[in-house]
Each structure stands twice: as structure tokens, then as C-alpha cells.
Amino acid sequence: MKPHNTTKPSRYFPTKTVFALSAMLFITAAVASAFRNKEEGPVGKIIINKDSIESVKAFASVYKVLMSPRCMNCHPAGDVPLQGEDSHLHTMMPKRGKDGTGVSAMKCANCHQETNTPGLHTPPGNPKWHLPPADMKMVFQGKTPHELAKQLIDPNQNGHKNMEQLIEHASDTLVLAGWNPGEGRKLPPLSHKEFKKAWITWLTKGAYAPAPKPQ
Amino acid sequence: MANITLNINNKEYQLDADPQMPLLWAIRDMAGLKGTKYGCGVAQCGACVVHMDGEAVRSCVTRLSRAEGKKVVTIEGLSETNNHPVQQAWQQVDVPQCGYCHSGQIMSAAVLLRENPNPSDQDIDDAMAGNICRCGTYLRIRKAIHLAAEMQQKTAKG
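The listed protein sequences derive, respectively, from chains A and B. Its first residue numbered 83, the first sequence is counted upward by one per residue in my numbering. Its first residue numbered 20, the second sequence is counted upward by one per residue in my numbering.
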């Protein structure tokens with residue numbers, strides 16, 4: 083009778099080998115994932131196809147829109163929103179408040195309705211009318227193209243948005259409100275369709291920041 | 020026109036009205052509550068401030084469609100016997116001059132004190148900057164709000 087073989091079958095790897103292979107696979111996957119996020123290739127459903135020239139060119143259009151009163155007036159450097167084509171401080175001096183919706187008897191929604199109020203220069207409306215919150219002010223006012231581009235793609239400064247969320251944000255109802263500003267207010271310099279195209283181009287071509295101006 | 024039910028000062032009003040009509044119209048002309056005033060009509064002066072689910076909204080630009088299903092409180096409903104601390108302080112300090120803006124002032128001040136029981140001068144300025152007084156009673160308004168804060172705190176302790 084053939085003696086019973088007490089040794090392990092050869093198809094089994096030693097434990098140490100299995101552990102080492104698993105660790106290598108994990109590291110490889112992690113590196114590849116980081117590579118996809120930072121270099122060319124898909125980020126979620128988004129295809130990144132880097133082209134710094136196209137990206138910076140698209141951002142020039144994005145910047146013109148974001149610095150127009152319809153966008154910048156709610157992204158002030160201070161804690162009071164801006165008004166009008168000259169971006170003066172909002173009359174009545176409403177304050178940002180902790181969450182961006184104002185303070186006590188001066189909350190945005192006390193005057194700003196869900197839709198525009200009829201009439202010339204009456205309060206524009208949107209169900210989400212607010213400023214960025216106090217802990218992430220997302221300031222546009224006074225920012226150079228270089229500074230704004232850097233800020234927009236930094237999750238610690240852009241409302242914790244990733245690439246997909248940034249692209250979706252172009253169609254946010256509060257962003258769209260810029261193109262329905264109410265009587266007496268100018269539209270942004272590009273149509274929303276043009277803006278969205280430039281925004282997506284800037285991001286998907288690598289979200290390059292224009293060079294800082296020489297000092 | 021549509022059938023709209025409004026809750027004003029804990030009373031239900033059945034109205035046949037345009038949902039786009041300003042709440043102020045319903046308060047004054049349909050419910051007959053004349054304490055809330057019409058000032059500018061474009062949310063610039065604060066004379067028309069009422070509470071809607073506790074917030075100091077401007078009723079001249081608030082549509083009925085937004086107010087339906089919410090609790091609206093006007094100056095007439097702020098307290099049972101005009102004994103809200105802000106109303107008492109207003110009387111003690113004798114704040115009003117012509118008085119036209121003061122129902123709005125009081126309604127805004129009541130929200131301020133609910134959210135901030137011990138406001139600084141800056142807090143008062145921040146909260147009341149949207150309520151304009153052509154008689155210039157701002158110093159008395161500030162004094163009365165501080166007094167109302169004291170009264171409110173004493174009541175809370177007592």
C-alpha cells in the first residue's frame with residue numbers, strides 16, 4: 083500500500099509567498115489608481131486627456147464668466163455679498179453667517195424667494211440662495227486666473243468637490259441662476275452652454291492653472 | 020385664482036387668491052390685520068417683516084404659494100397681551116417716532132433675540148440693518164433691544 087503523503091500538495095504556495103504576492107498586488111493597484119487620478123486616463127466616468135495649452139485657453143473663458151458680477155457677487159472677499167454690475171457691497175449689509183445663509187433677521191431667504199421677484203432690480207431668486215460658508219469662503223473677488231484655477235481644483239478650498247462633482251457643478255441650479263438674473267442685470271459674458279463647454283474642457287484637459295503673472 | 024389656506028397667528032384663513040400674490044396683501048386686505056405695513060414693496064425697507072416658520076421674511080415679496088402650509092405670525096400675534104420682551108422694551112424706551120416701521124423692527128428684533136439672547140451692538144447692527152427708520156430712531160432701537168435681552172434673561176432665570 084502506498085504510504086499516505088504527509089507533505090503539502092505542490093499546488094499550495096507557502097503562507098509567506100501568498101502574503102508577499104498579495105502585498106505586491108495591493109501596492110501595484112494603489113499605484114495604478116493614483117496614476118489614473120494624476121495622469122491621463124479615466125477618473126470615475128471622466129476621461130482626462132491632458133493638454134496644457136487647450137486647458138489654459140479654456141480657463142480664460144471660464145475666468146471671464148466667474149469674475150462677472152453674476153458669479154463673483156456671491157463669492158466676495160469679505161463677508162458681505164456684492165450687488166450690481168459694479169459689484170458694490172450689498173445694500174443693508176447682510177452678513178455671510180456660519181453656513182452662508184445669513185444671520186438671525188437677515189437671512190438670504192428672507193428676501194430672496196425661490197424664483198426671481200418681478201420688477202426692475204428686485205431680489206433675484208433661487209431655492210438655494212446663499213454664499214459659501216464661513217469655513218470655506220471660495221472667494222473669487224480679487225483672484226488672479228492662476229489663483230482661482232488653483233483654488234477651484236483644491237478640495238480643501240472648493241467645497242470638497244472631486245473632478246466629477248466639479249463637472250456636475252456647472253449645471254447646479256444656483257450656477258444656472260446666473261443666466262436668469264432678473265430684470266436690470268446683465269448676463270455673464272458667455273452663454274451657459276459655452277461656459278459649460280469651456281469648464282469641462284479646462285478640467286478634462288488637465289485643469290491647468292495659467293502661469294502666475296510675473297512680479 | 021386658487022383656494023389657499025393660510026395659517027396666520029394660529030388662525031386658519033381660507034382664501035380665494037392668486038398664488039403669486041404677495042403675502043402682505045393677504046395679511047392686510049384679506050385677513051384684515053393692518054399692523055404689518057407696506058413700505059417699498061421690493062424687500063428694501065423691512066416695514067413688512069412677519070415671521071414665517073420663525074424666520075423674519077419680507078411679506079411684500081413673499082408669495083402666497085410659499086406661505087401656504089407654514090405658520091405666519093404678524094405683530095398682532097407676537098404675544099398674547101403685547102408682553103413680548105421686545106414689545107415691553109419698546110414701550111419703556113418709547114422707541115417710535117412716527118411708528119410706521121416699528122412692527123417690522125419689532126418682528127426682526129424678536130428673531131434676533133431668539134437666536135442670540137445677548138447680542139452685542141455689532142450683532143444688533145448686523146440683524147437690524149435691513150430695517151430702515153426714516154425718523155432715525157436707531158439709537159433707541161438698539162437701547163430697547165439690549166433692554167429686551169435683559170428682560171428675556173430675567174424671565175428665563177425667574
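It should be emphasised that the hints constitute simulated quantities derived from the structure, not laboratory data. Please read all numbers here as calculations on a predicted model, not as lab measurements. For every residue, glycine included, the Cβ atom is placed at its ideal position computed from N, Cα and C. Check before you lean on any hint, since a few could be wrong.
Result set (DSS-like, lysine-lysine): computed pairs, CA atoms no more than 27 Å apart in a straight line [stated by the list, open to error]:
1) A/K243 with A/K132
2) A/K127 with A/K268
3) A/K287 with A/K243
4) A/K210 with B/K162
5) A/K210 with B/K173
6) A/K268 with A/K146
7) A/K180 with A/K132
8) A/K180 with B/K89
9) A/K219 with A/K232
10) A/K243 with A/K278
11) A/K180 with B/K90
12) B/K162 with B/K173
What follows is a set of in silico ranges between Cβ atoms, one per label pair, in the way DEER data are often shown [unchecked claim]:
13) B/C117 with A/H170: 45 to 51 Å
14) A/E229 with B/T24: 49 to 55 Å
15) A/S273 with B/D144: 36 to 42 Å
16) B/G118 with A/G160: 31 to 37 Å
17) B/Y119 with A/N262: 30 to 36 Å
18) A/K139 with B/A21: 50 to 56 Å
19) B/G73 with A/A159: 55 to 61 Å
20) A/D161 with B/M20: 39 to 45 Å
Residues on chain A that point at chain B, a partial pick, calculated with CB under 10 Å [said to hold, decoys possible]:
21) M175
22) P176
23) G182
24) M188
25) N192
26) T197
27) T199
28) T204
29) K232
30) H251
31) S253
32) T255
33) Y290
34) P292
Evaluation of the provided hints:
1. A/K243 with A/K132: Within the cut-off at roughly 20 Å; holds.
2. A/K127 with A/K268: Since the Cα atoms of A/K127 and A/K268 sit roughly 35 Å apart, the hinted pair is violated (cutoff 27 Å).
3. A/K287 with A/K243: 18 Å, holds
4. A/K210 with B/K162: Not OK: A/K210 and B/K162 at ~35 Å, beyond 27 Å, violated.
5. A/K210 with B/K173: 38 Å, violated
6. A/K268 with A/K146: 14 Å, holds
7. A/K180 with A/K132: With Cα atoms ~38 Å apart, A/K180 and A/K132 exceed 27 Å; violated.
8. A/K180 with B/K89: It holds: about 25 Å lies between the C-alpha atoms, which stays within 27 Å.
9. A/K219 with A/K232: Holds: A/K219 and A/K232 sit about 15 Å apart, inside 27 Å.
10. A/K243 with A/K278: 17 Å, holds
11. A/K180 with B/K90: 25 Å, holds
12. B/K162 with B/K173: 17 Å, holds
13. B/C117 with A/H170: 45 to 51 Å: Check failed, 30 Å falls outside 45 to 51 Å.
14. A/E229 with B/T24: 49 to 55 Å: 52 Å, holds
15. A/S273 with B/D144: 36 to 42 Å: This hint holds: roughly 41 Å between Cβ atoms.
16. B/G118 with A/G160: 31 to 37 Å: At roughly 35 Å between Cβ atoms, A/G160 and B/G118 fall inside 31 to 37 Å, so the hint holds.
17. B/Y119 with A/N262: 30 to 36 Å: 34 Å, holds
18. A/K139 with B/A21: 50 to 56 Å: Roughly 52 Å apart at Cβ, these two residues keep to the hinted range, so it holds.
19. B/G73 with A/A159: 55 to 61 Å: At 32 Å between Cβs, range violated.
20. A/D161 with B/M20: 39 to 45 Å: The hint (39 to 45 Å, Cβ to Cβ) holds, given that A/D161 and B/M20 are roughly 43 Å apart.
21. M175: 5 Å, holds
22. P176: Holds. Min distance 7 Å.
23. G182: Cβ of A/G182 sits 15 Å from chain B, so the hint is violated.
24. M188: It holds, given that the least Cβ distance between A/M188 and chain B is near 5 Å, below 10 Å.
25. N192: OK, holds: A/N192 within 10 Å of chain B, min 5 Å.
26. T197: Holds, because the Cβ-Cβ distance from A/T197 to chain B comes to roughly 9 Å (cut-off 10 Å).
27. T199: 5 Å, holds
28. T204: 5 Å, holds
29. K232: At 32 Å from the nearest chain B Cβ, A/K232 fails the 10 Å test, so the hint is violated.
30. H251: Violated - the Cβ of A/H251 stays beyond 10 Å from chain B, reaching only about 26 Å at its closest.
31. S253: Check failed: Cβ of A/S253 comes no nearer than 25 Å to chain B, outside 10 Å.
32. T255: 17 Å, violated
33. Y290: 41 Å, violated
34. P292: Where the cut-off is 10 Å and the nearest Cβ of chain B is about 38 Å from A/P292, the hint is violated.
Of the numbered hints listed earlier, those contradicted by the structure are 2, 4, 5, 7, 13, 19, 23, 29, 30, 31, 32, 33, 34.
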